[in-house]
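First to last, the sequence lines map onto chains A and B.
Position 239, counted from 1, in the first sequence is what our numbering calls 771; the numbers after and before it change by one each time, with no gaps.
Position 62, counted from 1, in the second sequence is what our numbering calls 73; the numbers after and before it change by one each time, with no gaps.
Among the hints, a few may not be true.
Cross-link-like lysine-lysine pairs, in silico, DSSO-like; alpha carbons within 27 Å at most [claimed, not checked]: (1) A:Lys670 x A:Lys621; (2) B:Lys214 x A:Lys670; (3) B:Lys214 x A:Lys621.
To give an idea of the interface, some chain B residues facing chain A are shown, with a C-beta separation under 10 Å as derived from the structure [stated by the list, open to error]: (4) Ile87; (5) Phe125; (6) Val185; (7) Leu240.
Label pairs and their calculated CB-CB ranges [what the hints assert, rightly or not]: (8) B:Pro120 x A:Ala557: 21 to 31 Å; (9) A:Gly561 x B:Ala90: 11 to 21 Å; (10) A:Arg535 x B:Ser200: 40 to 50 Å; (11) B:Asn117 x A:Arg707: 50 to 60 Å; (12) B:Gly83 x A:Ile584: 31 to 41 Å; (13) A:Asp571 x B:Phe161: 43 to 53 Å.
These are calculated hints, taken from the structure and not from any lab test.
Note that the structure is predicted; figures quoted are calculated from it, not measured.
Glycine included, every Cβ here is placed at the ideal spot set by N, Cα and C.
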Amino acid sequence: MARPVALSIAPGAILFTIFFLAPFAVLIGSSFASWGGVDFTFTGWDNYRTMIQDPVFWKAVRNTLFYSAVSIVVQVPFGVVIGIILSQKLPGWRTFRTVIFVPFVISGAAYALVYAAFYNSRYGLLNQALALVGADGKDWLYDTGTARSAVAATFAFIIGFTVILVMAEIASIPRELYEAAETDGASLLQQHLRITLPLLRNVIGTCVLVRLLGDIGMFDVVFILTSGGPNDSTVTLALYAYRAYLDGAWGYANAVGTTILVIGLILIVTVRRAFRIGERAL
Amino acid sequence: MLSSFKTADQFNSGSGFWPSPFTLSGYLDAFTQVRLHEYVANTLLYAVGGTAGALTIALLAAYPLARYRFRGSGSITAAFSLALAVPLVGLATPEFFIMRELGLFNSRPGMVIFYAALMFPLSFVVLRSFLAGLPPELEEAAHIDGAGYFAILRTIVLPLSRPALATVAVVSFVLIWNEFFFANLLTVSQRNQNVQLALAGFKSQFGSNVTGSLAGATLVMIVPVVLFLILQRQVIAGLTAGATK
């Protein structure tokens, strides 16, 4: 049995080595080097030193964390509440669940184009609506004061994923728990606060984690909407690393890439701890 | 989306919420100026090829790792699964470098292989946990009847895994269809690019053609949306399994 098993795992192991392990080694190794794809010289911590002295890098860190915070603070609580409401199976819940999930399967690039039109300073829906009520419009994406919030608003309300996970988890909660609470005279709100929410801890943690992983690597929406501008006010870490790569500063790009992975790792461990993911809920 | 049916003049004059006159010129631009259909063909190739590759390789690896315990089986499983939690954009430059060294940069077969690799961890994790939950009796019976490893895999495990394969397939298809970052990094010529890049091109090349770009966006988002509406159950099951396992 040993031979076929090894043969069976081999293709996966090869793909994994080429596209995950090797890049990982290249990433970390070259982050300590000056490298443009050809000439390679080790320079120790130089890249990291340059990085922490660059104000744009810190802007990218702040923006990435800002985008993550916005998406978590809006998406997760809204998603949980709507998930709980939909789980009551009120009439039409199926249709509503579908509608609320659709935005999740639309690509960032498509979103970016729709929002670019929406924010368009002269013809966009937003400024037209503001004009109707007599308010002044803005050039939302080209104003350092509003660009970052305008970008964040494009993904803050994509809550379908949380809703789906929450509903799946609620479906697995035994009905008896609620029946017992009801006989004890607990109101519907009390039941959800005391039974549903604590049992959702794991799933809420998972949603936070999945969002974080997506947001740390945020690229496409920002790249298409603003390319990080104006004045780097919307730049993310992924975009910052990508710029270095375009400039041929590969070693530097990889120091930033390593930083992205390290921040990701820290956040994952923190969230898993905070929500005690993997431990039994009861 | 309504604006995609407006004429450029109407959009630019900002008059009226409803398209009037109703026009498909934005859609015509999407095909004649940007040649969207060529990008669609590439994207279909990547999404179908990458998904098929990932599923095949993941099933091959997931079955033994779900069924047998041997030296290293735990760490291999952990390593494959951990790849799911890495923010891959951090690996941009190394992936570019490796694709270039392997002669896979800016090539259609290269992108199919890359997307198969990209979808491998997710497919592996979902399939492994599904297979671990299957009772082994059928396979044992086949083994006693003298069937070899790969025969059992093909005739018993493969048909039984169909529901799990279907869910992963839908999710993987949508993820590859929507993929932007690595498509942008790993392809340069138009003839190898996917629809998401076509959309980005729409914005830069035809900065003023907002109705055209909205038409493009509409066409590009229709595919995953329709797929989701038809296969809702699979998409939901796949995402739930991928996130919680």
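| Hints the structure fails to honour | 1, 3
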